[in-house]
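Colleague: Protein chains in written order, with this note's numbering: chain A, 1 to 672; chain B, 1001 to 1551.
Hints are not guaranteed to be accurate.
Just so you have them, the derived chain B footprint on chain A, three or more residues with Cβ under 8 Å [as the list claims (entries may be wrong)]:
id: 1; segment: 18 to 26
id: 2; segment: 87 to 94
id: 3; segment: 191 to 202
id: 4; segment: 328 to 336
id: 5; segment: 534 to 544
Cβ pair distances, simulated, as ranges [as the list claims (entries may be wrong)]:
id: 6; chain 1: B; residue 1: E1230; chain 2: A; residue 2: K669; range: 49 to 57 Å
id: 7; chain 1: A; residue 1: K669; chain 2: B; residue 2: P1302; range: 41 to 49 Å
id: 8; chain 1: A; residue 1: A134; chain 2: B; residue 2: H1161; range: 26 to 34 Å
id: 9; chain 1: A; residue 1: D131; chain 2: B; residue 2: S1140; range: 32 to 40 Å
id: 10; chain 1: B; residue 1: H1161; chain 2: A; residue 2: P73; range: 56 to 64 Å
id: 11; chain 1: B; residue 1: N1157; chain 2: A; residue 2: G456; range: 30 to 38 Å
id: 12; chain 1: B; residue 1: N1214; chain 2: A; residue 2: A32; range: 48 to 56 Å
id: 13; chain 1: B; residue 1: E1230; chain 2: A; residue 2: N392; range: 20 to 28 Å
If you're looking for bench data, these hints aren't it; they were derived computationally from the structure. Ideal Cβ placement from N, Cα and C applies to all residues, glycine included.
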Amino acid sequence: MRVGVEVGGTFTDLVAIEDGRVRVAKVPSVPARPDEGAMASLVAGAIDLATVDDLVHGSTVATNAILERKGAPVALLTTRGFRDVLFLQRHSRTQIYDLFYRKPVPVLARQDILEIDERMSAQGEVVQALDEAATAVQLAAFLGTGRYKSVAICLLNGYAEPRHERQLAALVSEKFPDLTVTCSADVTREFREYERTSTTTLAAYVQPVIDSYLRRFESQLGEQGFKGRFSIMQSNGGRLPVAGMSRNAITSLFSGPAAGVMGAVRQAGLSGHGDIITLDMGGTSTDVCLVADGKPNLSGETEVDGLPIRTPVLDIVTVGAGGGSICWQDDGGMLRVGPESAGADPGPACYGRGGARPAITDAHMVRGTIRAETFLGGKMNVDLSVASSVFNELSKNLDMSVEETADSAVRVADANIVGAIQIVSTERGRDPRDYVLVPFGGAGPLHAARVAEELGISTILVPPNAGVLSAYGLLASDFKQYETLTRRIPLAAGAAEQVRAVFADLQAQAVSSFQALGVPGELAISYSLDMRFIGQAFEIAVDIDGDALPNLDADDLLGLFNEAHNRVFAFGESGLNRAEIVSFRLGASAPPEVMPALNEGMDDTALRSESQIFDRGEWRKCLLLSRAAIAAEAAGIPGPALVEDGTSTIFVPHDWTATVDDQDNILLKWKD
Amino acid sequence: MAVNAVDQAVISQGLIAAAREMGVKLVRSAYSPVVREANDCSAALMDRYGNVVAQAELIPMQLGPIGATFRPCADLFPTDTLVEGDFYINNDPFQGGQHLQDVFLFSPIFFEGILVGFGATVAHHLDLGGGAAGLNPDASDVHQEGIIFPPSKYNMNHDWHGGPLERLIRANIRVPDQTIGDFNAQFAANGIGGRRVQDLCTRFGEGVVQEAMNELLDYSERRMRAAIREFPDGVYEGEDFLDDDGITDQPLRVRARVEIKGDSVIVDYEGTCDQVKSNVNCPYASTVAAGLSCVKSVLTSPDIPFNEGSKRPIEVRAPYGSLLNPRRPAPVRARMLSAYRAYNAVMKALAPSAPDKVIAAGFDSTEIIVLSQLKQDGYAIYLEILGGGYGASSHGDGCDAVDSPLSNCSNVPIEAMDMEYDYFRVEDYSLVPDSGGAGRHRGGLGFQRRYHILGDDVTFATYSDRFRLAPEGLFGGDDGVCASTQVLRGDQVIELPSKVSFPLQKGDILVARTGGGAGYGEPGERAAGDIERDLREGFMSRAGLQADAAE
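Next up, chain A with everything else stripped away, as it sits in the complex (with noise of 0.2 Å):
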């Protein structure tokens, strides 16, 4: 049996495959404790621990330890000169008229960091050479104090020559042996020392916290009779095997949300589909991410709590327009959506437990696209006259009936996710037009079409069990691991032999890396150079194929990278400069031995009858259907529709057509 269990910061999922059948469980979660809400998951889907070979699991605990400041107590040593770097920060700020200003606040205080006599230079040569003698006194002073558990180490130019960061990291580990001990140079090796030690020192922050979870976490599942592989979802959208975790933690921030676009890219991709964008509405925000031929776009950065960490991560976008999402009219007199949610407590008005203002699924509840009797599963009780009288206000001074305020406020919404999907795509060069909307979570079905037909999208693919996809994609996605080296290299006569050079390098590093984890298979190997003119500061990441690599040279890595700028900065004559190759990116992967599927199992119910909802401005006659509705017609059924399909409900407005295609996934076209 192959299990995924993803902990949310509400509830916890877990999907559970054996032998072609599905079984879906979903319980609170206990925000302090993790591992007691996946525990609870396992009791209430039934799963016997000894028959589980694969276990995949994803949570927040990382993310957690840096909201909370519940991380390990670290200190950091840095190059003489430069304590300051996490205080100081990039000089500027956020927000340009607020007098209040305040700056992300890092996780250590300024007595946690110790100067260390050494300078390396860009070129990688040693400018001030390390004492180690020396050096050795000044450490034991510092660390013999027994107040920290974990060592950060990231000194100037680092990224360039790691060797002194090796000497330190020796010279800490033979004095102490019992902490833990984090180099920039294996958590990220680009410029900028800013964001570097920023990464490094948060590594170093939740590497001991996330080690004892995972630690307890096994010998949990151990004493239950767990045999199987425990594997560990990451940011990159790759798991790796619970030993993977021990170098570089830190990359299993944000799984939950990078599992969800692996499901989906999975799922699609069974029904031919390879250009898609996600789009995974919950409670309290939507992510969207785009993905091009099975590829999820990746960025190179990302923060936590305004702290800049960098390390490849999925390029999900997110925006606050979710269910709890909060309607008002601010004191110009427009109408706003969001960013404030009335979250899981209280929740929209019509759970009754006290929310007095309008949310986005109240308004769904007015319009009719939400109903009382079927509101998750039926098994939650809401209320349509809370949820009508919240909007009373609100409609007043719009000067709206109560139904167009819902309308208008779900199409405010339905504007947010729009501006959202078109930074991963337009923003980067991607037209949303050639691209497939797959929507899922509690209420992305729900918004979907409109958002489509906002961007001229005309094919919606709604995958089965789109409410726990994200538990899906534990189980659906790769072994994945990235090694990254900045390098500059000018593209001039033999620099593509350089990058043969590098890459074979990186190439070795993933191999062992992957052989010591135990991952088993064939690896699959991807190639990606950081490139920009010389004299820009900002790098345009350009995909190599991997079969063309032996005989490129370096005009066709500049035909590449002009390409790529084109698509994105649309000019090209820019080229006045000569290009460089700043960084470089190797991806390893390996599948699964098993891909298991989502759409076995379904209930074959087929249900069908009628209801009202308002839309665009009048109240329409609407289908209400089951899944099976939808497939028993072989032409499809025309919208206006809802199909209330137990983990969320799939709204199809009219010019939209649905259609169950032979993965159990609904299709939705547009009329155009």
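Add chain B to chain A, keeping to what the hints say.
Modeller: Structure of chain B alone, referenced to chain A:
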């Protein structure tokens, strides 16, 4: 034609997102460190009349008066004569520009042959010629500061891409590859803005987009007026001083009279000193930006989109021939310093009536550091803009080591400098303990940089302020600590003034220390826990604490 509420919200968001994207792409495709690392640039979308509709929130100073920089162009070359590929350019301080280095470019946006708006960008250019590389602190008129682009119209196909304008610029500046690259980044950003506006026109129709732009201006104006109305009517006065003009030791007075009446504000700088011979003169457009930014920051919510509509309720006046509205051909390069005092004077005027909305004076200066070297294959220029500590407020301590309020430049990473420059190395970049003024809430700390000079014939040029006159504490708070610049040469310590050019020698250590912000409220009221934390983390020393207590 009224636009419905939902379309209005969608189009407004689309315009704001487009302006933001312009800013991102401008930074990301630029070449000079001052734009690509420090982000000294701004971007905006304008309607067809040249009203700023939406802006990328980068540098308040550059954004305030973009409309005023546009208008002289349109007056000379009417918008109805524009064709595809045309652009306006302007950096003339006496015709709506600021200092020469900030070059404004405006590209018309057409939809189906109809002019629907403009993409506008401004970037601080590393070197535009003039009497010295990067910065000429000794300029006695504007002509010695660089090349002037009077309000003009050119065409991309005819004049750029190797055409006469590009060739003329290239021949008159010191680092042409970087500067022309930055111009291209501006054009690219304008083009992106244009494309996004065209997309909106395709979806909603050109007429609806025009209406939505108008409504967005009215919307910001309504919100600004609502916020101003909350403030008690009255006439408020404040003043502040620059240390000097860099030639004499005489402090320069900046005085503001702020009149709030109903839902509008008049800021009048009558009583400010006359213009001076050095480069601290502040062109009128910069003065307007300073006054507007302060009023907006103090009186209104950061959530109000800043555009031409939000400026309507505020009028800024400055006497012609004064420091804040100089006559041609006054040098103006260091105009930020006077602009900051114009900002401080308004802040001080409003403080007694809005104690919870203002902050104490901060370092509030732009300290510019230029290190240049003439090499065999041309000039190398390093230019960076340093802020310092923010003033404290009733809400908390002032922010440490951050760019000053009218600007928002990032630092250039030390590792980027190490890659780029071989004639100096930064060996220390740290907070300056005890530099924030004590108070119930303390001022933000300044910071210091030590530059080790590794080559011969390196020239240092700078302008800064608050070297002699400290930022004043508010409601009993202490003043912030002044800035300083020193050169360590062997056993010698050479103290430099705030506005100077100075030849350096190989082996010199240049120490630039920026100032801290002032405190807010009586130091005796500071929470014991906050004092304890400052001592523990070394933000303050025991000695510093005792010195405060002895005062």
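Colleague: Please go over all the hints and tell whether each is borne out by the structure.
Modeller: Evaluated hints:
1. 18 to 26: The restraint on the segment 18 to 26 of chain A is violated, since only 0 of its residues have a Cβ under 8 Å from chain B and three are required.
2. 87 to 94: holds (count 6)
3. 191 to 202: Check passed, 4 qualifying residues.
4. 328 to 336: holds (count 7)
5. 534 to 544: holds (count 4)
6. B:E1230 / A:K669: 49 to 57 Å: For A:K669 against B:E1230, whose Cβ atoms are near 53 Å apart, the range 49 to 57 Å holds.
7. A:K669 / B:P1302: 41 to 49 Å: holds (44 Å)
8. A:A134 / B:H1161: 26 to 34 Å: violated (58 Å)
9. A:D131 / B:S1140: 32 to 40 Å: violated (52 Å)
10. B:H1161 / A:P73: 56 to 64 Å: holds (59 Å)
11. B:N1157 / A:G456: 30 to 38 Å: holds (31 Å)
12. B:N1214 / A:A32: 48 to 56 Å: holds (53 Å)
13. B:E1230 / A:N392: 20 to 28 Å: holds (27 Å)
Hint violations for this structure: numbers 1, 8, 9, all remaining hints satisfied.
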